[in-house]
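S.K.: Spelled out, the chains give:
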Amino acid sequence: MSDKEVLFDRRAILLSGFGGLAFSALGLRMAQLQIFQNSQYRTEASENQFNLVVLPASRGPVYDRFGIPLAVNRRDFRVTIIKDEVGRRQDVENTIDAVGAIIGMDVVSIAKVKEQSKTSLRFVPTQIAGQLSWEQYSKISLYSANFVGVHPEMGEARHYPLGEAFAHVIGYVAKATSEEVKLDPATNNPGIRVGKEGLEKSQEIPLKGRHGATKYEVNAHGKIAREVYDPSLTPVPGEPIVLTIDAELQQLAYDQFVGESGSAVVMDIQTGDILVLASAPAFDPNKFIDGIGSADYSAYLNNEYRPLYHKAIRGTYPPGSTFKTIMSIAALENQVVTPEETVFCPGSYRVGNALFHCGGRHGNIAMHNAIKASCDVYFYEMGKRLGGEKMAETARKYGLGAAYDLGIPGVAKGVIPDAAWKLNRVKTGWEIYDSINMVIGQGYVAASPLQLAVMAARIASFGKAVVPRLIKSGAGAVPAVPFANIGSKLENLQVVHGGMFGVTNEGGGTARADLGIEGVQIAGKTGTSQVRRITMAERRGGVRSNASLPWKFRDNGLFVCFGPFDSPRYCCAVVVEHGGGGGRAAAPRARAIMKATLLKNPGNMPIFEPNRAAAAASTDDSKTKKAGR
Amino acid sequence: MPFSNFGQDNNSLFGKIKRLEWGLVLLLTLLTCYGTVLLYGAAEGNWQPWALDHITRFAAMLCLMVIVALIDIRFWYYVAYPAYAISLLLIIGVDLFGEISMGAQRWLRLGPVRLQPSEFMKITIILALARYYQDLNVRNIAAIKHHIIPILLALFPAAMIMKQPDLGTGTVIALVGAVLVLLAGVSWRWVAAAMGSAIIGGFVGFTYFMHDFQRKRILTFLNPERDPLGEGYQITQSKIAIGSGGVFGVGYMRGTQSQLDFLPERHTDFVFAMLLEEFGMIGGLLALGLYLGVIGFGIFVAISSRNYFGKLLAAGISVLIFIYVSINAAMIMGLMPVVGMPMPLLSYGGSVMLSIMFAIGLVQNVKVHRNKTIGTNFGSRQNVK
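Top to bottom, those sequences are chains D and W.
Throughout the first sequence, residue numbering follows the working numbering, covering 2 to 630 in sequence.
Throughout the second sequence, residue numbering follows the working numbering, covering -17 to 367 in sequence.
Quick caveat, the hints were computed from the structure, so don't treat them as lab data.
Do not rely on the hints blindly, as some may be mistaken.
Said to hold, decoys possible - Quick look at which bits of chain W chain D covers, simulated, 3 or more residues with Cβ under 8 Å:
(1) 157 to 168
(2) 191 to 199
Unchecked claim - List time: in silico DSBU-like cross-link candidates among lysine-lysine, alpha-carbon distance up to 35 Å:
(3) D:Lys119 to W:Lys354
(4) W:Lys221 to D:Lys216
(5) D:Lys490 to D:Lys553
(6) W:Lys221 to D:Lys183
Said to hold, decoys possible - Partial chain D-side listing against chain W, Cβ under 10 Å, derived:
(7) Ile14
(8) Leu16
(9) Ala26
(10) Ser47
(11) Asn49
Using N, Cα and C, we set each Cβ at its ideal position, and we do this for glycine too.
Whole structure, please, built from the sequences with the hints as guidance.
M.R.: So this is what it looks like as structure tokens:
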């Protein structure tokens, strides 16, 4: 062999060695990727592979006690755009313009959607329009193939068939805020709303159910290869909730307040079921679902009658003379007076150098007539005899000064003052004037219409500690338990019942009127609470009539009642804000509500039991279902 | 005994056929079948569009290989320079009249035939250099002056091809040329000097002469997360596919990365990544083992050949196959920037299979004619001391 051949062979073998090393390096790299980093890459591969599309759970429906739907889901056609699929900013705007033209949107809403689309996330669908008609939906479905990133969708939208009458109780749902999205990223989906007020807010978790997702296997271009069934991702529909409310009575009660600001509560005293929880005026919850316009919202906000405010549970008012019912019980229980004892009413009552006025000159008056005619002087005397602590004790026993858990937010606690409370809040000691003010339900005393209804229920039930209930079954429902006895003597309560019977049925009663049902009577108590201070100068010149005062300085009119008188079953509390005297403003409204309640007697009718499986599948299509029964 | 009986070869056609390396044929067939299985899977279990083509082509190319092997080795010796010249002219032709496809000028259309001249150059450069060194009879072969011509012969077409731009093929030709010069016996000092200047040249080329996409590829290789959904995408997806395969693979046609298009070019340059995903490290080592066998046969043929032309020819082709396999594997495993480099016999593609099978035909040819003496210097062994 020649030298160059020898050299070649030597170098060939040497290079083969290098080649072998290079192949070993490849083998080592394989081991590194496939053995040591295997689990990491397996995770990355599965993340690559799947795409989750949120599948909103059907929100739980809300029914009244007889199954009338109060909050339902109706089929909703909408069209959304995914910016990432469209691409450039300009294309997104052009697409929105084109879609808007096809479905006939007005210029303002198109501009609003464009504005929203600037800040929305690239990969999350942005809603262009919701609540499309079938015609609009068909059109956009036909043309959407021509637009990249435009998706016509069929989903569910919340609907409140009875609107305003239940606005405060049910509340409403709306798009999630960015904070809510942080808590639950699924809420970014344009088909999902979250509860913002009322029951929708407090029972958000049971109502919303569990949002699911469709798991798609996607290829590298984001195209769907196939759907992957994953049972853990199936949406779970929200729980149905049945309220104790009777929708028909609620609507009737709400309708009593046309042009007025007020609230009404009706309770079944045997069960504590709230049959009516109305607050007027109210707002249209349906307007909030897709985002309320700023003009509409400021109209609600600037309305003097405060339509956004749930007065029945949140509003607290001086109970005025309605408070005399339990003050009578306090006086009898504490044996500071007998039913027969009379007090002389000259029309005013002097304590030190202060003069407290009465609505009339009643002369010698005992308890029955003092309640019937609402004599202030009689009760001034009782207040002086009782003192703050004893009055507060009885007021608390009869349900005032305590918040009730109805399962909706904003239940007010009210105020039942005593010496400790006053020292803490006003920083001065308890004075005789405080007792005098308190006994007629003025001064610091404050109670919500709900609390007044509870008070009436406890009086009507001859001293049972009735507790109100709003949710009959479903999430947040409280089991019915027998109510405890307050411990008041039956004969004392009979005296008060008699006085309240007098108010509505005897001559000289402050709210005497025929109920209009043969053989059925109700018993009640009026209240008129001042919201302004009447100066001595005004009193000398004659107290101004309510009609001559600006609306917000007029008296609040109150009325509590129960019936039938012979065997009490229902009670009612009505407050008319700045409506004038209780006998004129509140009592007729309460009487109308009580009459309807007594005629219907809803407490004896069978209760609706939702079929959970059917509720999950049902979507209520009728937009204007009325509580016709 | 395949390598016995030196000097007593029967040069009848039958004798030549008997001397063909049938073990090598077996290895090639196994690799091609492996490739066919993969391509069948890549098309979601269809013979169309790749698998059937692949195996039919192989059958035809196998005949071509035998023909190339049986032609007298002296024919290849004589055509070495003309073939090189023609390839070079074609490359220049591509530069002047070439068809632009996928952003690169690589194809030359002659009537109905589309030619990729750089593919020919891979083989003709080996033939040319083998002939050059066969003809070279000097005392001091380590001296650089004897190697200047072969270096130029390799570098000129390499530079032309890189300009097309086809960095992969250009590099292959430069590397094959360099290894042949090294095997021919240039002194190690010059090898070291060449490596040094290659590194410097690389930097200069990177800064001044590279196309943007090539520069980007290298930057992306150095840091794939720089642009995970753009240039780094291929590397990232390929690594995910390989890494998720594990030791035993995720199973045939179950590779989610490959089947769902995350893996780019899964039937051509990234077919080995699909193999590693579906058949795991075991399947990968099997493929590498088959390649090692092919390359080993080539080197064995080179060492056992008794003419220098045959030695360099077989060695050059082994180097070529080695470069193909290692660059492709290194690229898909993220050890190298992405360059257009198929995996021989696994990747789909007629042009590449033609050149590979032609090249292996030449290895077989060297085997068949291992005892032939060649060229103008008959008895050169006696003349050189």
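S.K.: Are any of the numbered hints broken by this structure? If so, which, sorted upward?
M.R.: 2, 3, 5
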